[in-house]
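Q: Chain residues, written in single-letter form:
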Amino acid sequence: MKRNHKLHLLVLVAVAVAALSGGAQAQDTYSNITYNIAAPPLDNNFMEEWSFLGFGFEGRRFTSRALSFGASFNWNYWGSETSDTQELNPEDTNVAGAVTGVQFRSLNTFPMMVTSHLHMGRRGGNRFYFGAGAGAMYETQTLELGVSIFEEKTWHAAVQGEFGVLIPTATASAVFNVKYVYALENDGRDLHYVSASIGVGSMFW
Amino acid sequence: MNSSRTQRGWISGVYALVILGLIVGLAACTKDSSNLTNAERDVVITLFNTETVFSSFSDYGMLDTVAVVGDTTAIDPATQTTILNAIKSNMSKYGWTQQTDTTITPDVILTARVSLIDNYGAYVGYPYYPYYPWYGGGWGIWYPWYPPTGGSVYSYTTGTIFIDMLPTSSASPSDSLLASDWVAAVNGVVTQTGNQAQRITDRIDQAYEQSPYLNLNDTQ
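These protein sequences, in sequence, are chains A and B.
If you're matching positions, the first sequence starts at 10 in my numbering and goes up one per residue.
If you're matching positions, the second sequence starts at 4 in my numbering and goes up one per residue.
Hint data in this document are derived by calculation from the structure and do not stem from the laboratory.
Check each hint, because a few of them may be wrong.
[Stated by the list, open to error] Calculated Cβ distances over 12 Å to all of chain A for the following chain B residues: (1) 77; (2) 82; (3) 100; (4) 105; (5) 218.
[Stated by the list, open to error] Some chain B residues near chain A, calculated using beta-carbon distances under 7 Å: (6) 46; (7) 49; (8) 209; (9) 219.
The beta-carbon is built from N, C-alpha and C at its ideal position, and this holds for glycine as well.
All chains, please: the whole structure from these sequences, using the hints.
A: Spelled out as C-alpha cells, the structure:
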C-alpha cells in the first residue's frame with residue numbers, strides 16, 4: 010500500500026472520530042468506528058496469516074429499547090510472504106508441476122451489510138448484544154510472483170453473525186465485538202472468517 | 004464523578020488503541036514487492052505431462068545453441084554456454100546420457116530458448132509465438148509444438164529461459180507438431196544485470212530440483 014493511501018485512511022479515521030463525537034446527542038441512533046483484526050480465512054489455502062489491519066463503520070437506529078436496525082461497512086487486509094516451492098496441480102488436465110519464487114499474497118475483504126441487533130441490559134448500562142447481517146462482500150486476492158501479478162476480484166452475497174458489548178460513558182461509548190462473516194460462493198470461491206473489533210461509538214439509547 | 008472520569012479515561016484509551024492499531028497495521032502488516040532485488044524476483048516454473056513415464060527414457064539430444072524468441076538479437080556465447088552447461092550438468096546428475104551421434108534418435112530432445120518479448124497471458128510454458136524454423140543435427144524438429152491441454156495462465160517476461168523436453172516417439176512430422184513432456188521456465192534472468200551466470204545456473208539447478216520425476220537414478 011502506498012504512503013498516500015495510508016494518509017488518506019488516517020484522515021478518514023480522524024474525520025469519522027470527529028463525526029462520532031459531534032453526534033453524541035442523538036441517542037436513538039448509534040454509530041461507531043472500529044479497529045478490526047481477523048483470523049486466517051477458514052478452509053482456505055491461499056492465506057494462512059492473521060489480519061491485523063482493518064477498520065469498520067457502523068450505524069444503528071433503535072426501534073425499541075432492545076431492537077435496532079442499521080448498516081455496517083468493514084475492511085480487512087491479510088498479507089503473507091513465502092518463498093517455498095509450491096506444487097501446481099491444475100484440475101482436469103494431464104499437467105502438473107511446481108513453482109519456486111518469492112510470493113507476496115494479499116487478501117482484502119469489504120463486507121457491506123444491512124444489520125439488525127438485539128440488545129440486552131438496562132438503558133445507560135453495558136449493553137450486550139447479538140445480531141445478524143446480510144448484504145454483499147467485495148473481495149480481492151492478489152498474488153505477486155516475481156514480476157508477475159495475478160489478481161482476482163469477486164463480489165459475493167454475504168451474511169454475518171455477531172455478538173458484542175457496548176459500554177457507555179458520559180460522552181461516548183466503547184464497543185467490542187466478534188463477527189463471523191460468510192461470503193457465499195461466486196466464481197467458484199467462497200470465503201468465511203472470524204474477526205474481532207474494538208472501537209469507539211456515539212452514545213446510545 | 005470519579006467513575007465518569009475513569010470511564011472517559013479508558014474510552015480515550017480505546018480511541019488511542021483504534022488509531023494506534025491502524026497506524027501500526029498500515030506500517031507493519033502490508034506486504035509488497037517494491038523493494039525486491041532482481042534475484043528475489045526470479046521465478047522457476049516447471050510443468051510436466053503426468054501421463055509420461057520418464058523412467059522409460061535414457062538418452063537425450065541437444066543443440067549447442069540457444070534459440071531466441073521475439074528478437075533477432077543473439078544471446079551472447081558466454082550466456083549460451085552457461086545455460087547449456089547447466090542443463091547438461093543436471094541431466095548427467097539425474098542419470099541421463101547425452102546422445103551425440105546424430106544417426107541415432109534419442110528418446111528426447113532438449114531445447115533451450117530465451118524469450119526477448121513479454122508474453123503476458125501465455126499458457127503454461129508455451130508463449131504463443133509464430134513458429135521459428137530450426138533443425139538440429141540429424142533430427143528434425145517441427146514447430147510449433149502444441150501445449151498440454153488446459154492448465155493455468157502465466158505470464159513471462161523478457162529474458163525468460165525456456166527448456167523443453169520433447170519425446171521423439173510422439174513426433175508427428177505430417178502434422179508438424181511435437182508435444183513437450185517437460186518444460187522449465189526461468190523468469191526474467193537473461194537480460195537483467197547482476198551475477199547473471201551464477202543466477203542462471205542456480206535457477207536451472209532449481210528447475211531440476213523441483214522435478215524429481217526426471218531423476219533416472221531414483222526410478223531404475
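Q: Does residue 49 of chain B pass the interface check with chain A, least Cβ-Cβ distance below 7 Å?
A: With a minimum Cβ separation of about 5 Å from chain A (threshold 7 Å), the hint on residue 49 of chain B holds.
Q: At 12 Å, judged by beta carbons, does residue 77 of chain B keep clear of chain A as stated?
A: holds, 24 Å
Q: Hint residue 46 of chain B vs chain A: min CB-CB distance below 7 Å?
A: Residue 46 of chain B check passes; min Cβ-Cβ to chain A is 3 Å, inside 7 Å.
Q: Taking the minimum C-beta separation from residue 105 of chain B to chain A, is that value above 12 Å?
A: holds, 31 Å
Q: Please confirm whether residue 218 of chain B is truly not at the interface, meaning its C-beta sits more than 12 Å away from all C-beta atoms of chain A.
A: For residue 218 of chain B, whose nearest Cβ neighbour in chain A is about 14 Å away, the distance exceeds 12 Å, so it holds.
Q: Interface hint check: residue 219 of chain B, Cβ to nearest Cβ on chain A, cutoff 7 Å. Holds or violated?
A: Check failed: Cβ of residue 219 of chain B comes no nearer than 19 Å to chain A, outside 7 Å.
Q: For residue 82 of chain B, is the shortest beta carbon distance to chain A beyond 12 Å?
A: It holds; residue 82 of chain B is separated from chain A by about 19 Å at its closest Cβ, greater than 12 Å.
Q: Return the status of the interface hint for residue 209 of chain B: holds when the least beta-carbon distance to chain A is below 7 Å, violated otherwise.
A: holds, 5 Å
Q: Is the Cβ of residue 100 of chain B farther than 12 Å from every Cβ of chain A?
A: About 25 Å separates residue 100 of chain B from the closest Cβ of chain A, which puts it past 12 Å; holds.
Consistency note: the structure conflicts with earlier hint 9 alone.
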